[in-house]
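Taking the hints into account, I'd like the entire structure generated from these sequences.
Number of protein chains: 2
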Amino acid sequence: MKEVVAGIDIGGTNTVIGILDRAGNTLGEETISTRDFPDALEYAQALCAKIRMLLGFLQEEVELKGVGIGAPNGNFYSGSIEQAPNLLWKGTVPLARWIEAEMQVPCVLTNDANAAALGEMLFGAARGMKHFVLITIGTGLGSGIVVDGKLIYGHDGFAGEIGHALVRPGGRICTCGRRGCLETYVSARGIRETLGEMLIESSQESQLATIPLRELTVKDIHQAADRGDQVAIRTLAETGNILGEKLADSVNYTSPEAFIITGGIAHAGELLFGPCRASLEHHLLNIYRGKVKLMASELIERNAGLMGAAALIWEELAKVNL
Amino acid sequence: MKEVVAGIDIGGTNTVIGILDRAGNTLGEETISTRDFPDALEYAQALCAKIRMLLGFLQEEVELKGVGIGAPNGNFYSGSIEQAPNLLWKGTVPLARWIEAEMQVPCVLTNDANAAALGEMLFGAARGMKHFVLITIGTGLGSGIVVDGKLIYGHDGFAGEIGHALVRPGGRICTCGRRGCLETYVSARGIRETLGEMLIESSQESQLATIPLRELTVKDIHQAADRGDQVAIRTLAETGNILGEKLADSVNYTSPEAFIITGGIAHAGELLFGPCRASLEHHLLNIYRGKVKLMASELIERNAGLMGAAALIWEELAKVNL
Chain A
1 MKEVVAGIDI GGTNTVIGIL DRAGNTLGEE TISTRDFPDA LEYAQALCAK IRMLLGFLQE
61 EVELKGVGIG APNGNFYSGS IEQAPNLLWK GTVPLARWIE AEMQVPCVLT NDANAAALGE
121 MLFGAARGMK HFVLITIGTG LGSGIVVDGK LIYGHDGFAG EIGHALVRPG GRICTCGRRG
181 CLETYVSARG IRETLGEMLI ESSQESQLAT IPLRELTVKD IHQAADRGDQ VAIRTLAETG
241 NILGEKLADS VNYTSPEAFI ITGGIAHAGE LLFGPCRASL EHHLLNIYRG KVKLMASELI
301 ERNAGLMGAA ALIWEELAKV NL
Chain B
1 MKEVVAGIDI GGTNTVIGIL DRAGNTLGEE TISTRDFPDA LEYAQALCAK IRMLLGFLQE
61 EVELKGVGIG APNGNFYSGS IEQAPNLLWK GTVPLARWIE AEMQVPCVLT NDANAAALGE
121 MLFGAARGMK HFVLITIGTG LGSGIVVDGK LIYGHDGFAG EIGHALVRPG GRICTCGRRG
181 CLETYVSARG IRETLGEMLI ESSQESQLAT IPLRELTVKD IHQAADRGDQ VAIRTLAETG
241 NILGEKLADS VNYTSPEAFI ITGGIAHAGE LLFGPCRASL EHHLLNIYRG KVKLMASELI
301 ERNAGLMGAA ALIWEELAKV NL
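Protein chains in written order, with my numbering: chain A, 1 to 322; chain B, 1 to 322.
If you're looking for bench data, these hints aren't it; they were derived computationally from the structure. We treat Cβ as the ideally placed atom computed from N, Cα and C, and that holds for glycine. Any given hint could be a false lead.
[Said to hold, decoys possible] Stretch-level coverage of chain A by chain B, calculated; a stretch enters the list once three of its residues show a Cβ under 8 angstroms from a Cβ in chain B:
| # | region |
| --- | --- |
| 1 | 153 to 159 |
| 2 | 169 to 183 |
| 3 | 242 to 254 |
| 4 | 285 to 292 |
[Said to hold, decoys possible] With a straight-line cut-off of 16 angstroms between C-alpha atoms, the simulated EDC-like cross-links for lysine to aspartate or glutamate are:
| # | chain 1 | residue 1 | chain 2 | residue 2 |
| --- | --- | --- | --- | --- |
| 5 | B | 291 | A | 156 |
| 6 | B | 2 | B | 61 |
| 7 | B | 90 | B | 42 |
| 8 | B | 130 | A | 156 |
| 9 | A | 130 | B | 156 |
| 10 | A | 150 | B | 148 |
| 11 | B | 293 | A | 156 |
| 12 | A | 293 | B | 156 |
| 13 | A | 291 | B | 156 |
This is the structure in structure tokens:
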């Protein structure tokens with residue numbers, strides 16, 4: 001019988017559930033709204049129901065070997081989602097334990113950016129790399145750090161929070177309560193705020209000035225830039241600048257071969273990547289210059305998080321069988 | 001026959017050469033002046049001569065199994081010292097290869113802070129820890145980062161340069177040519193500069209005002225502080241503050257259980273550690289609060305770098321024998 005796993009990619013808005021084989025092929029996939037479930041236990045039951053439904057749809061007989069999950073503030077060690085500011089559930093949600101109990105197969109859970117990093121390492125832009133950092137830019141800025149071919153978890157499971165490293169001490173207020181975190185400049189909200197500042201200061205016309213700032217999406221901004229809107233172009237350049245500056249600082253810790261950027265903003269292409277690459281190189285310590293690559297995700301249309309979550313449980317199953 | 005290794009701890013001023021057994025006991029030790037050797041090859045020959053001399057002094061018959069070296073800008077992958085700003089030799093010095101050729105035993109080399117981190121992990125304050133960061137404060141600020149019980153080297157061998165991470169963008173000029181690096185504030189030179197600023201701004205009397213600033217040592221400053229000199233006390237507190245701020249930022253990368261501080265400044269005790277601990281805790285992201293320890297080296301009188309360099313070659317020898 002063919003062996004498969006379920007991968008689950010939890011986002012603040014949507015959750016994607018997939019059935020994947022060992023090679024990373026998706027045999028079936030469903031999306032539910034994360035926000036439809038204010039009760040975490042009901043959400044877990046809904047995930048299990050979707051997994052059973054997807055398995056039932058398959059033409060061939062399969063055996064479910066395990067479940068892998070990528071979630072905001074997911075803790076690999078505890079299998080729980082802990083104090084996630086962008087999810088409805090407060091405190092600690094022991095999601096992996098609940099799903100193990102319900103499905104009677106092993107379940108592992110990690111941070112969503114960690115899952116995406118694993119996906120890129122096995123199937124995407126980081127194939128063959130042993131040292132890299134994945135940066136995912138969405139509502140916030142997440143990061144997954146890989147050293148010697150392994151994800152870093154740290155002593156408590158929470159390593160890799162570059163979004164909350166400071167880039168402007170005393171700068172913009174962050175959802176974490178502090179000031180100047182990278183994600184207050186480089187995230188959907190941060191980019192919108194930079195655009196707002198540019199619109200106020202600029203004497204140039206912009207189509208974006210006609211849209212209420214709160215309704216503006218990252219997509220609106222990079223599409224306007226593609227059409228030649230100068231304010232949008234400068235917003236992306238400034239975002240790239242500040243991201244490059246902090247990535248250069250990050251190199252001092254784990255000295256990665258590359259940064260892989262994912263999230264909707266990666267569609268902005270060279271309008272973001274060009275300034276970011278120049279800023280990264282400019283701010284690097286001399287011994288690192290000319291060595292560090294900046295790349296877009298290769299899985300942006302394929303869901304690196306889902307593929308990584310599935311890869312994570314395959315890895316855990318392999319350890320058990322050693 | 002008893003098996004021993006040679007450990008070498010290279011500093012900008014002095015080099016310590018020791019013969020150590022497997023348990024980390026030093027059977028013999030010699031110090032030479034690093035600056036006496038403008039020619040790197042002559043320096044390597046002097047090291048080999050000292051190793052032979054120390055072996056000759058031992059009462060019992062021993063077998064030299066290998067040589068381990070900790071050096072500023074030491075690269076584990078290449079076995080070379082590369083572009084070290086605080087040493088006389090320019091460019092790349094293939095020290096490990098030279099010593100292997102001369103002594104006919106394996107030789108490994110790493111960054112001096114990495115060697116000290118290994119020493120603390122095996123014999124000092126980090127015993128039993130799997131995730132910690134060693135910070136060594138001397139002429140500059142070095143760091144060795146341990147994740148899952150292993151030193152991080154990164155893709156090029158240069159991971160762990162926290163001294164060159166930015167703490168004050170646009171701030172003091174660094175020897176690396178950039179501005180605002182941590183070591184421009186937290187190092188012998190940085191502390192002296194902070195003291196100078198305090199002396200200028202302060203209306204308080206200080207015994208230190210009678211000593212030319214360039215001649216002041218870190219020891220002078222912490223000894224004055226111990227005697228109650230208010231300017232010296234405030235200098236140590238400000239140094240602790242800014243170090244704590246950047247250590248909090250560092251937690252976002254590898255989430256260590258502890259920071260271990262070494263170098264002469266560690267003698268300053270709670271006058272430095274108290275403000276540093278408070279600042280670290282204050283600046284941490286909420287998920288890390290109350291979890292990260294700040295500790296002094298336990299090997300400050302025993303040379304963690306030498307013990308770590310010896311431990312490094314024992315580790316490499318064990319790998320070869322697997």
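Inset, instruction - Please flag the earlier hints that this structure goes against, numbers listed from lowest up. - result: Checked against the structure, no hint fails, so every one of them is satisfied.
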